[in-house]
Amino acid sequence: MNPLDGVRADRRRFLELAGLGALTIAGSGLLAACGDAKTSSGPGTTDKNQLAKILPAYVPSTAALTPDIPSAPGANGFFSTPVYLKYPASPVATVTGVPGKGGSYTTMTPLWGSIPSSKGNTYYDTVNAALGADLKMQPADGVNYDKILPPLFAGSKLPDWLMIPSWNMGNLGFADAVNKFADLGPYLSGDAIKAYPNLAAIPTGAWQSCIWNGKLFGLPTYYSAASAGGAIFYRADIFRQLGIDANSIKTPADLEGIAKQLTDPKAGRWAFGDIFDYTAHIFHFPGDPYRWTVDASGKVVNRYEMPEYLEALNWFAKQAKAGYVHPDALAGKKEEGKQRFWSGKEVITGDGTGGWAGSDAESGKAANPSYEKQAFKLLAADGKPAMPMNPASSMYSFLNGKLSADQIKEVLSIANYLAAPYGSTEWLTVNFGKEGVDYTMTGGNPKLTEKGSKEVATTYQFLVTPVTPVPVTPGYEQVAKDYAAWEADMVKHAVKPAFYGMNITEPAQYANLNQPMVDVSIDVRYGRKPISAFTDALQTWKSSGGEELRKFYEDVKNKYGTGQ
Amino acid sequence: MTAIHEAPPAAATPPAPPTRAERRVLRKADRRRRFLRDRSLVLMTLPAIALVLVFNYAPMFGTVTAFQSYSIYAGFWHSPWTGLTTFQRLFNDPYFWHALENTLTLSLVQLVLFFPVPILLALLLNTVLSTKIRTFVQSVVYLPHFFSWVLAITIFQQMLGGAGALNQFLRAHDMSTWNIMTNPDTFKLLVTAQVVWKEAGWGIIVFLAALAAIDTQLYEAAAADGAGRWRRMWHITLPGIRSIVVLMLVLQLGNVLTIGFEQMLIQRFAVGRDASEVLDTYAYFYGVVNANFSLGAAASLFKGVLSLILILTANKVAHLFGEDGLYRR
Chain A
1 MNPLDGVRAD RRRFLELAGL GALTIAGSGL LAACGDAKTS SGPGTTDKNQ
51 LAKILPAYVP STAALTPDIP SAPGANGFFS TPVYLKYPAS PVATVTGVPG
101 KGGSYTTMTP LWGSIPSSKG NTYYDTVNAA LGADLKMQPA DGVNYDKILP
151 PLFAGSKLPD WLMIPSWNMG NLGFADAVNK FADLGPYLSG DAIKAYPNLA
201 AIPTGAWQSC IWNGKLFGLP TYYSAASAGG AIFYRADIFR QLGIDANSIK
251 TPADLEGIAK QLTDPKAGRW AFGDIFDYTA HIFHFPGDPY RWTVDASGKV
301 VNRYEMPEYL EALNWFAKQA KAGYVHPDAL AGKKEEGKQR FWSGKEVITG
351 DGTGGWAGSD AESGKAANPS YEKQAFKLLA ADGKPAMPMN PASSMYSFLN
401 GKLSADQIKE VLSIANYLAA PYGSTEWLTV NFGKEGVDYT MTGGNPKLTE
451 KGSKEVATTY QFLVTPVTPV PVTPGYEQVA KDYAAWEADM VKHAVKPAFY
501 GMNITEPAQY ANLNQPMVDV SIDVRYGRKP ISAFTDALQT WKSSGGEELR
551 KFYEDVKNKY GTGQ
Chain B
1 MTAIHEAPPA AATPPAPPTR AERRVLRKAD RRRRFLRDRS LVLMTLPAIA
51 LVLVFNYAPM FGTVTAFQSY SIYAGFWHSP WTGLTTFQRL FNDPYFWHAL
101 ENTLTLSLVQ LVLFFPVPIL LALLLNTVLS TKIRTFVQSV VYLPHFFSWV
151 LAITIFQQML GGAGALNQFL RAHDMSTWNI MTNPDTFKLL VTAQVVWKEA
201 GWGIIVFLAA LAAIDTQLYE AAAADGAGRW RRMWHITLPG IRSIVVLMLV
251 LQLGNVLTIG FEQMLIQRFA VGRDASEVLD TYAYFYGVVN ANFSLGAAAS
301 LFKGVLSLIL ILTANKVAHL FGEDGLYRR
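Chains as they are written, first to last, in our numbering: chain A, 1 to 564; chain B, 1 to 329.
These are computed hints drawn from the structure, not numbers from a lab.
Fair warning: this is a prediction, and the values are worked out from it, not measured in the lab.
Glycine included, every Cβ here is placed at the ideal spot set by N, Cα and C.
Keep in mind that a hint or two might mislead.
[Claimed, not checked] Once the Cα atoms are required to be at most 20 angstroms apart in a straight line, the calculated SDA-like pairs of lysine to any residue come out as: (1) Lys266/A <-> Leu160/B; (2) Lys334/A <-> Asn179/B; (3) Lys321/A <-> Thr177/B; (4) Lys321/A <-> Trp178/B; (5) Lys338/A <-> Gln158/B; (6) Lys318/A <-> Asn179/B; (7) Lys557/A <-> Asp295/A; (8) Lys266/A <-> Met159/B; (9) Lys334/A <-> Gln158/B; (10) Lys147/A <-> Phe261/B; (11) Lys157/A <-> Gln158/B; (12) Lys147/A <-> Gly260/B; (13) Lys542/A <-> Asn92/B; (14) Lys334/A <-> Met159/B; (15) Lys266/A <-> Asn179/B; (16) Lys266/A <-> Ala165/B.
[To be verified] Derived coverage of chain B by chain A (criterion: at least 3 residues anywhere in the stretch with Cβ under 8 angstroms from a Cβ of chain A; other residues may be distant): (17) 165–174; (18) 285–295.
[What the hints assert, rightly or not] Restraint-style ranges between C-beta atoms, simulated for each label pair: (19) Leu46/B <-> Pro151/A: 28 to 36 angstroms; (20) Gly120/A <-> Ala193/B: 19 to 27 angstroms; (21) Gln339/A <-> Glu220/B: 58 to 66 angstroms; (22) Ser139/B <-> Ile148/A: 32 to 40 angstroms; (23) Lys136/A <-> Leu308/B: 37 to 45 angstroms; (24) Phe91/B <-> Glu554/A: 47 to 55 angstroms; (25) Ala75/A <-> Leu84/B: 54 to 62 angstroms; (26) Thr85/B <-> Lys365/A: 57 to 65 angstroms; (27) Met44/B <-> Asp277/A: 52 to 60 angstroms; (28) Ser544/A <-> Leu84/B: 14 to 22 angstroms; (29) Lys136/A <-> Leu46/B: 33 to 41 angstroms; (30) Leu84/B <-> Lys136/A: 41 to 49 angstroms.
Turn these sequences into a full structure, and let the hints guide you.
Set out below in structure tokens:
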């Protein structure tokens, strides 16, 4: 049997997924009625015919491997991520020669963690030497990235290569923002991409989410065939200690039932962190990046108008008032949430699935040797579990529109190197730097040295990424297995939310509508204000632009469908 | 800061009242003489003037966005002019008036509860005779000034928060807990307490300097005349620092609309928008965060103009009472 078959099959399935209805409409097209007359493009999305012309061809990588845990098929064409427990002993090279021509480019990517020093950074030096170009890495604080971006655009201080996550686009008026970037269509659409084999191995679904206003602007990063908005995690070791069976927890009522037992303020332990944002799939209201959906009668509704949203608010407010939520979480100390979970001060927390990794287990065990993190199988308020999927890719990088054609070609060659698949020599360099200095092979997997853990951060990977398997940290293989098992179960309940993968850009004048709702929603769920305060705010929201925004979404629905 | 301690100009007194033309010539000559005399001092202010020009005056150009429908993609030159529309929107926004109201009440609370603290602290320290103890106490109370607000509030949260040291102690002894960090009703007192903790020590510097400038002979003479501690304070110390107190008060009034931005931003989710929204956070959330720069600029311009009026009025009042205020008339 060909050892490469496994992954190929997965990728083929990924391609199938891309062809499904979900992705028939992504991107652009001007909605004249709501558009901004001053600009050539505007709010809207892209139609099917346009898409076919823009999308790059897909050529699977020949360097693929057989996974130890193959991906599991799920509902609606989604499937889970494969796991490779050991890195190949003799990695293959996928790029011949040096991709760069000695060019110098500034980059900016978000980073959720401490920012490494660029002085004497062997990791940066090693990767740049391999790239044959000088990429000036400028990672910026991921938590405040949304606040860093508008001044950057306003000051015309855009770097040459910039990553923007989809959840930071809402306030940017993205239909106008993309005009600052280079149109990659002439270089990548159709067969043109075959000049960059590693980019050509990126599944079509990921490219589809990189299209705005009928043009291919983005390079996808960390895409997946089943991207969930997050999960509800619990401390399995504490559950065992208290004799609670996590499998018996199926509804929010069940959660509430164990909250009293889990909460012991004297011991400094509370049942919950601020898990509200992660309860969207439990109560079935749309979570970010989707704020709109279509109700049973076919009417377009905002999540704030849904009874499901009210139910979730009420549920969380009840936990907060009963004293089951950690007081620091109720003081808005979000950034310390992980610490509280590691040290067992919060037993149940919400987080992105990316946070379920060996590095997390390492930090957790440092705080508490018995630390074990697990995620609940999907809970559901109505007993019908469902996980709405995020678009295949929700983080993209863009090239500055001021770059010349030659520079764009050089950058794309560099991108081709960065997109080298798992199992290649390039992948090791991009992710781990220099062997013996930044990492050593331990038990068949690369492990960062002390120097490496200070220097290596997710930076190049946020410019473009190959198909990414579940990461495995030496010594924490079980974490990867646990994650794979959870994901295999989760994809069975995967659904496409309304407006799935459509990259809709809202008219800018409605940007301020959301803030008062965010504020009042926090007031209510932290138990500071009654639910009536929320319904009052909703009336104001409707009359001050909410109804107009609904009309905008109804137009999108009528012209382009809902992406489901 | 200002020219309070500067020697009065040594202008010559003309023997007979000069004519208007003569006066002008004299004034001119006088000005030139003063400039020649003070040229090194004037030279020394140049870097400061450059700093103010570059960082305070040049950015004022940005206030044009308040009169535009400013798009970050079109820039200053291509954004359409909208006249006073943004201000209309601003003044019709109840959230804006709420932010203004919050700012003013908070300022008032801080004026009453915070402003006197450094003065009292300085008077108290001034009575300590041992230099060692004085330096030590001074260093300790200065220290919090150098903490960032993030750190200061984290310390408050660790001490007084729902899971902080105090409440864990209360729980351990089966007493009811005290919720101060997330109570919107007492938030104004909390932020004032935080300001006192962080800034009072720093604030005493200028008052201590003023106290040190009082001639000790006055105290000796008063003591010799039989004045007690309180009489000496009332008749010598307080009049001695009165002009500084008035100056600081005038400056404070110019700042009433600038209430700790970071402090409010960090605690916004702990107490909610209603309690914590001030003009600066309003401009930030509705201007910068939502990329609606025109609205943010309008709110900030409104604040700037109002602050200028306040500081000029306060200065005028100070002059009426015969004080120097910001500058000598």
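Of the numbered hints stated previously, which ones are contradicted by the structure, given in increasing order? 11, 20, 24
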